[in-house]
Amino acid sequence: MESRAAQLEILRFWEEIELLTPEDFRKKDAEGTFWSEWRPGRFSGNEAEAVERWQSMRLHEAYEYPAKAPRSLLEADLPFFTVYLGVIEKRLVYRQLLREFSGIEGKESPERALDHPAFAGSMDSIWGEMSSSSIAGSDLRGQTYLARFQLNPWGKYIDESFEAAGFCGALRYLRAEKARLREAEDLRLVEGALLRCERMARWMEAEVARVCGQSADAGSGLAVKAEQIDGDPVMIRLTDPMEDAEPVAEGFICELSDQLARGAGLPEGLSCVVKTTLSRPLRRKAPEPGPLRSFYLADIRAARVALMHAGGRSILAPDMERLRGLDSRAAPEAGDAPKEVLQEEVPVNAADQLSPEDLDLLQPVSGPLARLLALGSGKDVSRTDLLKSPAALADLLKPEGLPSGRWPADPSHHLYLAQQAAVSGILRAGEGFGPLVSVNGPPGTGKSWLLRDIIAEIVTRRARRIAEKNSSRDVFDWEHPVVWELSANRTDSLTPVQPGIAEDSLMVVASNNNAAIRNITDSLPRSYGLRDPRPDPSTGGTRPAFSYWRDCALGMMALAVEMKPLARTGKKGRSAPKGHGGASEDDDPNLSFEDGNAGLPDLSREEWQKLPAAKRRQMLRETLLKRVKSPEEVWGLSSATLGSRRNCGRFVQAVMGIGMTNPFGSTIQQQIDDVLDQLDLMRRLPEEDWLSARKRFRELDEKVRVRRERMAERCRTHRVVPQVFSTPLAEDPSQHKLTLWVDEEFERLRSELFEAAMDLHAATLVAQADAAKKGLRAAAGYLLAGMPHFESGSARQVFEFLSFLIPVISTTLASAGRLFAQVGPSELPWVFIDEASQASPQAAVGILNRARRAVVLGDLRQLMPVVTMPEPLAEFLRGRHPLVDEVWSPMKSSLQSLADASMEAGTSIRDSVSHEDVWTGLPLRTHRRCLSPMFEIANALSYAGQMVQMTPRVDDGRPAQSCWYDIVGKSYVPPVRVSKKGRRTQGAGGDPKMIREEMAWLRKLLVEFHADRLNRGLSVFVLSPFRAVAEGAGRIIRELGLRDFNARAGTVHTFQGQEADVVILVLGSIPGSKGRRQRRWASMPANLLNVAVTRARRDLIVIGDWGEWTLEPAVGILAGALPRKVQYLEPGDYAFNADAEAMRAALAGRLFGSETPAKA
142 MESRAAQLEI
152 LRFWEEIELL
162 TPEDFRKKDA
172 EGTFWSEWRP
182 GRFSGNEAEA
192 VERWQSMRLH
202 EAYEYPAKAP
212 RSLLEADLPF
222 FTVYLGVIEK
232 RLVYRQLLRE
242 FSGIEGKESP
252 ERALDHPAFA
262 GSMDSIWGEM
272 SSSSIAGSDL
282 RGQTYLARFQ
292 LNPWGKYIDE
302 SFEAAGFCGA
312 LRYLRAEKAR
322 LREAEDLRLV
332 EGALLRCERM
342 ARWMEAEVAR
352 VCGQSADAGS
362 GLAVKAEQID
372 GDPVMIRLTD
382 PMEDAEPVAE
392 GFICELSDQL
402 ARGAGLPEGL
412 SCVVKTTLSR
422 PLRRKAPEPG
432 PLRSFYLADI
442 RAARVALMHA
452 GGRSILAPDM
462 ERLRGLDSRA
472 APEAGDAPKE
482 VLQEEVPVNA
492 ADQLSPEDLD
502 LLQPVSGPLA
512 RLLALGSGKD
522 VSRTDLLKSP
532 AALADLLKPE
542 GLPSGRWPAD
552 PSHHLYLAQQ
562 AAVSGILRAG
572 EGFGPLVSVN
582 GPPGTGKSWL
592 LRDIIAEIVT
602 RRARRIAEKN
612 SSRDVFDWEH
622 PVVWELSANR
632 TDSLTPVQPG
642 IAEDSLMVVA
652 SNNNAAIRNI
662 TDSLPRSYGL
672 RDPRPDPSTG
682 GTRPAFSYWR
692 DCALGMMALA
702 VEMKPLARTG
712 KKGRSAPKGH
722 GGASEDDDPN
732 LSFEDGNAGL
742 PDLSREEWQK
752 LPAAKRRQML
762 RETLLKRVKS
772 PEEVWGLSSA
782 TLGSRRNCGR
792 FVQAVMGIGM
802 TNPFGSTIQQ
812 QIDDVLDQLD
822 LMRRLPEEDW
832 LSARKRFREL
842 DEKVRVRRER
852 MAERCRTHRV
862 VPQVFSTPLA
872 EDPSQHKLTL
882 WVDEEFERLR
892 SELFEAAMDL
902 HAATLVAQAD
912 AAKKGLRAAA
922 GYLLAGMPHF
932 ESGSARQVFE
942 FLSFLIPVIS
952 TTLASAGRLF
962 AQVGPSELPW
972 VFIDEASQAS
982 PQAAVGILNR
992 ARRAVVLGDL
1002 RQLMPVVTMP
1012 EPLAEFLRGR
1022 HPLVDEVWSP
1032 MKSSLQSLAD
1042 ASMEAGTSIR
1052 DSVSHEDVWT
1062 GLPLRTHRRC
1072 LSPMFEIANA
1082 LSYAGQMVQM
1092 TPRVDDGRPA
1102 QSCWYDIVGK
1112 SYVPPVRVSK
1122 KGRRTQGAGG
1132 DPKMIREEMA
1142 WLRKLLVEFH
1152 ADRLNRGLSV
1162 FVLSPFRAVA
1172 EGAGRIIREL
1182 GLRDFNARAG
1192 TVHTFQGQEA
1202 DVVILVLGSI
1212 PGSKGRRQRR
1222 WASMPANLLN
1232 VAVTRARRDL
1242 IVIGDWGEWT
1252 LEPAVGILAG
1262 ALPRKVQYLE
1272 PGDYAFNADA
1282 EAMRAALAGR
1292 LFGSETPAKA
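Residue numbers (the numbering used here): 142 to 1301.
It is worth saying that the hints were derived from the structure and are not from the lab.
Just so you know, these numbers come straight off a predicted model, no measurement behind them.
Fair warning: there could be bad hints in the mix.
Claimed, not checked - Lysine-lysine pairs mimicking DSS-like chemistry, simulated, CA-CA at most 27 angstroms apart: (1) LYS751 to LYS209; (2) LYS844 to LYS539; (3) LYS751 to LYS767; (4) LYS209 to LYS756; (5) LYS844 to LYS610; (6) LYS366 to LYS209; (7) LYS756 to LYS770.
Said to hold, decoys possible - Per label pair, the in silico range of CB-to-CB distance: (8) ASN187 to SER935: 51 to 61 angstroms; (9) ILE370 to SER634: 31 to 41 angstroms; (10) MET928 to THR868: 54 to 64 angstroms; (11) ASN187 to ASP814: 54 to 64 angstroms.
Using N, Cα and C, we set each Cβ at its ideal position, and we do this for glycine too.
Whole structure, please, built from the sequences with the hints as guidance.
Right, here's the structure in full:
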């Protein structure tokens, strides 16, 4: 167990990692975005044109537009400018950081610190290969920048828009304080760097005042000033709030860049870049460029300060300790159960001192974060192996632990034994099972299914508390409204849910990547299988038999696709008019012709305008519905992705109807009104409907309770004792396939209880329609408002109100800090972190500190987090903290591995290559995705044979195609070309890791696949460990124009969390000894190979040099399960279309003498 002092050093180490990680700079082309780049002192040719381009886009007079013009008719031609100072290679930044750190260490020559292949500039090094092949392939070799600021449409500096990079502040701090820091024990790097960044911001304001004549309070932070001009039509005039100031010139920008570089010890003459973004005039603020420093820095710092002054909450897990007492096979040398971390006094520096007022407001860090920091290293943690201890497993599998609610899935699909145990353990999280629970599940073992049932149970528990009330009005707390300020004279408010009802029901699902979040958001509203679909008269198709605010879910999915393609893809001759004198019902921007004609029958503008408004709404709705994938599967509004401002805006528009009018007609206010109208037609009061929903829920709840108690009684009296209660799973793995206590009838009953719970929630909103509609609209406004001041209540109550409508709120870890900025420690009852193996531990500090209970789901054998900082710099920073073990480095561990190590109940897996035992959390081992041989490969490669296969067989007449293609012979190699500057290039795809013979065979294989009718409709992934190979594969797919099956290409990292029918793994790597380290990196540890193999459901095809790759032990396991097929290439085979003409010319003898032409 880590001491409190060690925990503080761990957090400080993570702070430094985040501070010194440069922001990635990439010029992304998009509609309405223009880039201009130049170097100081070089205003000629293309660079002069670049300067002229952005300067010519500045406004020179006021901007006017009609006040009542529909949004869709307003041109996006109001320019805003973002200026990037000192664009530089990341490699140079890291080199300079190590040089400065070496100087502080007192070394006369810093070269020793740089003696690492990451900084040698040679791509033959192991780090060079990693950087050129990972998903963050360009991160080490890519670019970053020193600082940025923004200009308004007239080219004037926007007050307080300057922001310097954390590494820039750190370099200036290290250089300025070098003599003092050599004698200091604590560098206090974060505080010093942020202080320098603040000084640079003040310096920037002074320089703008000196050079441009712009006073600090001239514009009061405004980008534009708006006023209304009366007339016919009424106009809005936008003017420059800094009229007396001069525009920022390119020479001044260059001077700023050089001064910043000089202060940081970096070379002068770095590039300057201006990004021009064209916006509609309704948006009068400069586009947010995103944080320049880490998303996570502020949350880590807040947690460290709280831990230092207020300590942490309880980390005890008495139920886990009791499991160990049941385990008669526990090793006698195991450590004691974790105790509370000793709240020892730690020295507090002057910079960390807080005022008495701040100390009173400070809260201890949450239980999940405290447990991760105390036990994440695995030191002195007593453990119970659930695969070897039947008594401990039996405790988790008692009938009493079976949840009442169940997701409305097919009643014949049960949770398997380990899933049932994991659900029981998770639902005990908190006082019993501890505040942090980790679930370890290989791909295809049902982590998502498990999560659905947990969600269903939490919703059912809240419905049970609602059903205890006498009336729907009692559900809300009318005496304590939540009130917050919108502006100086405006407030908004909502009536919160009663604390006793809202408690323990707010659920947040987070992940490190957008793909995992989309998987949750897309799958939950579609995963209904309890009953057969029923006809849908509105579409002529079908819809699920049960629905919960279904139109809201459909509208959110329809509007999740950008509206711009609809608004901008009008047919020739039908563009919107430039001006508009006013708006009427017929000119509704969301019923515009440009929106409607995409996907509609051919209609002229005149014909479109003649249609009734209701007809146009219906046609537009049908058009938008076509953009939703499988709308007939969508059953309800069970989840919503928030997090970023963009996602919040889409949600607010689609569900709440705030902002742009919702063209889909799917707002919750409309749906509530529709239900009220139906009840009115039936002459039924909303409160009667609520009482009816409550009665049905109570009846079903009682049936479930009685049946569960009956089973528990039979188990207690030993009339029914499953064999797994006495026989370890390790001795009889086939027991993993078992399911206890349930049959199809009981599964259906539990699912119906969940449906009744959702109906009771909906009936409550309808019965209290006025408060519900006002509260939801206010909550939507809060999502767009930023961080308003609360006069009463808290942000947590706003999210609790939202969760009454939407059971699950999802977000990425990067956006969680913004979304829950005003949510305090331990205020989120349930946080689920999916795909945690990809998350670095410091990325989860903020969300864990806001959680009361946290559940971490993932797999240690999946890909590790992508860390952009070179290892020598990370190790130097860790070396400054003697109490920080290497396990806390993001280079060595993920959030999943640390959470697994903190678990007292779990199991161990022996690595097939290193032969070391690795401890995991609650194990899931029943696999339902991959057929043979992928299952056998993954099981042997990464899971020590612990998995059992339950994948349904597929018999569609397609022969198995899994094999290893070992390519022999030479394909066409394009001639080497020498440019005017002497650079040697070898045609398209000249990266040495991309073997042209393998790419040529991939081309032939895809052509053969496409010609075979049995392959139609299949999904195919073409994967590679290396970015260059993946890009080449993507180019081949585009050139072939494959249509009969869905083929995609990318690195292995790109496809984690996804699956396909067929996976083609193109290995690549430089032949011979030069590529040995590349092959070693790709195969050890075996995580990358495991991910590649488990993406395939039916077939795995490997293309690579069998002799070279099988020298790696992990690849040897893979090769042993696949038949080897030696394939010979003809001289006429080629990889890319660009090579075809040159190849034919070469074979015809026009380039190489009189060779005989061969058929291409």
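Right, here's what the structure says about each hint:
no.	hint	verdict
1	LYS751 to LYS209	holds, 22 angstroms
2	LYS844 to LYS539	holds, 19 angstroms
3	LYS751 to LYS767	holds, 24 angstroms
4	LYS209 to LYS756	holds, 24 angstroms
5	LYS844 to LYS610	holds, 20 angstroms
6	LYS366 to LYS209	holds, 18 angstroms
7	LYS756 to LYS770	holds, 24 angstroms
8	ASN187 to SER935: 51 to 61 angstroms	holds, 55 angstroms
9	ILE370 to SER634: 31 to 41 angstroms	holds, 35 angstroms
10	MET928 to THR868: 54 to 64 angstroms	holds, 56 angstroms
11	ASN187 to ASP814: 54 to 64 angstroms	holds, 59 angstroms
In terms of the numbered hints stated before, the structure departs from none.
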